[in-house]
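Construct the complete structure from the given sequences, taking the supplied hints into account.
Those sequence lines, one after another, are chains A and B. Here the numbering used here is used: the first sequence runs in plain steps of one and ends on residue 296. Here the numbering used here is used: the second sequence runs in plain steps of one and ends on residue 499.
It is worth saying that the hints were derived from the structure and are not from the lab. Among these hints, one or two may not hold up.
[As the list claims (entries may be wrong)] Subject to a maximum C-alpha distance of 25 Å in a straight line, what follows is the list of computed SDA-like cross-link-like pairs (lysine to any residue):
no.	chain 1	residue 1	chain 2	residue 2
1	B	Lys20	B	Asp410
2	B	Lys20	A	Lys246
3	B	Lys486	A	Arg176
4	B	Lys206	B	Asp124
5	A	Lys70	B	Lys191
6	A	Lys70	B	Met493
7	B	Lys20	A	Glu83
8	B	Lys486	A	Glu83
9	B	Lys20	A	Ser112
10	B	Lys191	B	Arg175
11	B	Lys20	B	Lys325
12	B	Lys260	B	Gly328
13	B	Lys20	A	Gln152
14	A	Lys64	B	Asp255
15	B	Lys325	B	Val281
16	A	Lys188	B	Glu28
17	A	Lys70	B	Lys206
18	B	Lys206	B	Leu146
19	A	Lys246	A	Glu83
20	B	Lys260	B	Met493
21	B	Lys206	B	Arg128
22	B	Lys486	A	Asp172
23	B	Lys20	A	Ala126
24	A	Lys70	B	Arg489
25	B	Lys20	A	Ser115
26	A	Lys64	A	Pro95
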Amino acid sequence: MQSLMNAQQIEPAAAETARAGRRVIIRTLALKKQYVRKNVVTEALRGVDSEIYTGEFISVMGPSGSGKSTYFNMIGGLDSPSSGRVFIDEVDVAQLTAVEIAFLRCRKIGYIFQTYNLIQYQTALENVTTPMAFAGVEPDEARRRGMDLLEIVGLKDRWHHRPIEMSGGQQQRVAIARAMANQPSILLCDEPTANLDLHTGREILEILRELNSKRGVTIICATHDHRMLDICDRLMWIRDGRIERVARRDEVHIEVGAIGGVTA
Amino acid sequence: MTTRPIDIRDQPKLGLARTFELMLHGIRYRLFRSLVTVVVVAVAIAFMMNVVGEGLIKGALARRAARDIAELRQAAVWASRLAMAGTVEQTLRDLGASQPGDPMWEEIQAQGGLTADEMRRFHEQALIAVRWLDFVAGLDYARQRRLAHTAAGTELFDRLQTAEEQARYQRERDALRSLRWPLKEEEEQAFVRDWQQTKQWALRVCEGRSRAVAAVAAARGDQAVIERLGENNGEFVRAIVAAGFRMDPATAKVVAEQARRSVATRMIEESFSVAEMRRAVARRLNMLPAQVSSERLWRMLGDAASADWYAGLLRELKLPGANLTAADIVGLAEHKRRERQLERIWVMSAGMGGGFMGVGERMGWLVLVSLVVCVVGIANAMLMSVTERFREIATLKCLGALDGFIMLVFVLEACMLGVVGGFIGGAVGAVIAVGRMWSSLGWPALVATPWAALALAVAASVVVGVGLAALASLYPSWKAARLAPMEAMRIE
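Okay, structure coming up:
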């Protein structure tokens with residue numbers, strides 16, 4: 033029942049994007065996830081049907097414990113569902129071998145973490161080129177592409193700095209460059225601005241927006257940040273393991289007051 | 008702009024060089040932890056290496072000392088052979104220690120009047136007898152009593168000739184089954200069946216030898232054998248050879264020299280038992296007469312001035328040995344010192360040679376425990392390293408690292424520590440082993456040290472270090488490889 037309701041909610045947006053000729057890049061079907069710990073069953077996701085379209089910028093919102101992180105892990109190929117399916121560009125993730133999943137993580141999806149997760153003993157450039165090494169790119173080529181990426185995030189002159197010598201905003205920019213290393217189609221951002229101040233957070237969001245608009249990268253962003261409202265195409269609210277609501281930005285703007293508590 | 012379609016292929020494997028680089032980065036970043044791990048490995052390996060090294064050195068020393076002592080005591084051995092007929096057991100031992108073609112072999116054959124074929128069988132029996140006798144003699148008294156009752160030496164074989172004694176022996180043997188018996192039951196039984204024949208041969212040899220001893224006795228008159236040997240006139244040696252003993256000219260020369268030395272040594276020691284002499288020495292050493300031991304005397308005589316003084320005193324008191332010069336006495340003292348040193352080495356290294364590479368059972372056990380502790384230490388350090396790097400590992404997996412790569416990084420890291428720790432430990436252990444041997448035994452220890460074997464042992468300890476590290480890192484690295492990539496999302 034619930035999933036039907038969700039489907040209806042998604043309907044208008046889906047219809048619109050379909051009209052715009054966009055393909056679905058991530059689709060989940062009746063996604064469920066249970067954690068069993070010491071005989072206590074926790075239902076993290078209770079049946080999620082969702083569609084994310086190529087090239088869109090979507091924000092996923094929800095209070096902590098809502099299942100938002102679980103949903104993220106599922107669509108990022110980091111965890112397997114208890115039941116239901118995840119399709120990434122029409123490929124069923126459950127069908128892939130461990131090596132193929134590694135390939136997927138390496139080239140199709142870029143991950144951006146709240147805590148940046150740069151490798152502490154590597155320089156900015158080394159951090160950016162590490163995924164390229166995993167993808168089998170020649171070191172010289174990797175270095176050139178790494179410098180290009182650092183230039184995009186505005187850190188070209190700090191390529192030899194280690195994470196410990198950089199501010200949070202700079203670290204997150206290196207992390208974005210790293211996520212873009214193998215030209216993924218999807219950027220999965222887990223609260224990218226939560227540890228940053230207002231101004232730096234805005235810079236990060238602008239970089240993301242630019243990647244989205246100029247390179248056509250699909251950006252999925254878990255966030256509490258209300259500034260996200262200004263730049264994302266769509267918003268998705270998750271609560272109690274279900275999609276509560278999906279809306280286009282222009283619809284949300286009108287209804288901001290009504291949603292209270294979720295975004296404010 | 009359109010995105011590229013997703014096509015899934017296999018992830019390429021990362022080159023070893025790149026893996027190595029990443030691993031080295033990791034070690035450098037956690038230098039202190041790595042150093043501690045290296046120290047753990049080094050300490051365990053050093054202990055092992057020390058035990059093995061000392062075993063090697065002591066083994067080499069023992070072999071050398073045994074050879075040197077046998078060399079030094081040729082005169083004494085000959086003196087007793089020429090004076091006593093010998094026993095059945097002695098005959099068996101002599102034969103067991105010789106090979107066809109040896110002078111001893113020929114001598115026994117001649118004295119017993121045995122054919123070549125008899126000699127061959129006699130030799131086989133002698134070898135079995137020696138192993139059996141040595142085994143029984145090595146048991147504690149209670150066990151000896153149980154097996155042999157009051158029989159000593161070859162009397163045991165005589166006892167076993169009756170059926171009931173054999174049955175009794177068999178019962179006791181079954182009860183002591185856990186011991187490491189040198190012979191199989193069938194071998195023992197076959198030997199006992201043939202014992203009468205063997206004993207008869209041995210007795211024939213003894214008879215032949217007592218005839219030869221009588222001949223030698225006639226040649227030397229009432230002079231002591233050792234004194235007569237020291238005179239080194241060809242006549243006596245000819246008499247010895249004529250009596251049936253195989254003494255070649257070279258041996259005769261060495262024996263004569265040792266015999267002379269032995270006679271002179273005895274003269275000095277006898278002169279020292281003269282009260283006047285003892286008092287004079289005590290005064291010179293500023294000690295009480297009762298405190299001056301023969302060892303102290305010899306140490307004093309090693310000094311030329313004292314030797315001269317002692318020689319003068321000998322002449323003055325007209326004691327035997329008055330014809331000895333100071334240089335003679337110094338030479339004797341030097342010889343005495345060398346003999347003492349060899350004896351000390353022999354005693355010190357007596358317990359060595361058993362077990363693997365000369366490492367005794369007890370030490371082997373200690374080494375094993377230290378290696379286990381080492382494995383636990385490395386495993387702990389690696390587990391800590393893995394736990395500390397949870398987020399990093401998970402991030403690497405998000406970036407496309409394969410499980411095998413993660414595992415390889417950690418195993419390589421541990422192996423690297425194992426190489427360094429193993430080498431340091433091996434070198435330190437070897438140095439300590441050589442140093443300890445040197446400090447307790449002096450230069451002979453360094454001369455006898457088997458350097459090549461020691462170097463090989465250090466190389467082996469590096470291998471052991473790597474092996475231990477690899478073993479210890481298996482579980483932690485497996486744990487790291489299995490880590491879920493979503494750990495990277497976790498916020499502490």
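Run the distance test for B/Lys486 versus A/Arg176: straight-line Cα separation, threshold 25 Å. Since the Cα atoms of B/Lys486 and A/Arg176 sit roughly 35 Å apart, the hinted pair is violated (cutoff 25 Å).
- prompt: Is the straight-line distance between the alpha-carbon of A/Lys64 and that of A/Pro95 25 Å or less?
  reply: holds (18 Å)
Quiz item: Is the hinted pair B/Lys20 and A/Lys246 satisfied, with a Cα-Cα distance of at most 25 Å?
Solution: violated (32 Å)
Exercise. Within 25 Å, alpha carbon to alpha carbon, are A/Lys246 and A/Glu83?
Worked result: Holds. A/Lys246 to A/Glu83 sits at ~22 Å (cutoff 25 Å).
Given hint B/Val281 paired with B/Lys325 - CA-CA distance at most 25 Å
holds (12 Å)
- For the pair supplied as a hint, B/Lys20 and A/Ser112, is the alpha-carbon distance within the 25 Å limit? holds (24 Å)
field: Holds or violated: B/Lys486 to A/Asp172, with C-alpha atoms at most 25 Å apart
entry: With Cα atoms ~33 Å apart, B/Lys486 and A/Asp172 exceed 25 Å; violated.
> Going straight from one Cα to the other, do B/Lys260 and B/Gly328 come out at no more than 25 Å?
Replying inline: Given that 25 Å is the threshold and the Cα spacing comes to 22 Å, the pair holds.
- Message: Please verify whether B/Lys191 and B/Arg175 have alpha carbons no more than 25 Å apart.
- Response: Given pair B/Lys191, B/Arg175 holds - Cα atoms ~17 Å apart, limit 25 Å.
Exercise. Going straight from one Cα to the other, do B/Lys206 and B/Asp124 come out at no more than 25 Å?
Worked result: Given pair B/Lys206, B/Asp124 holds - Cα atoms ~16 Å apart, limit 25 Å.
message: Check the hint pairing B/Lys20 with A/Glu83 against an upper bound of 25 Å on the C-alpha distance.
response: violated (33 Å)
- Between A/Lys70 and B/Lys191, is the straight-line Cα distance small enough, at 25 Å or below? Given that 25 Å is the threshold and the Cα spacing comes to 61 Å, the pair is violated.
Going down the numbered hints, you'll see the structure goes against 2, 3, 5, 7, 8, 11, 14, 17, 20, 22 and 25, while the others check out.
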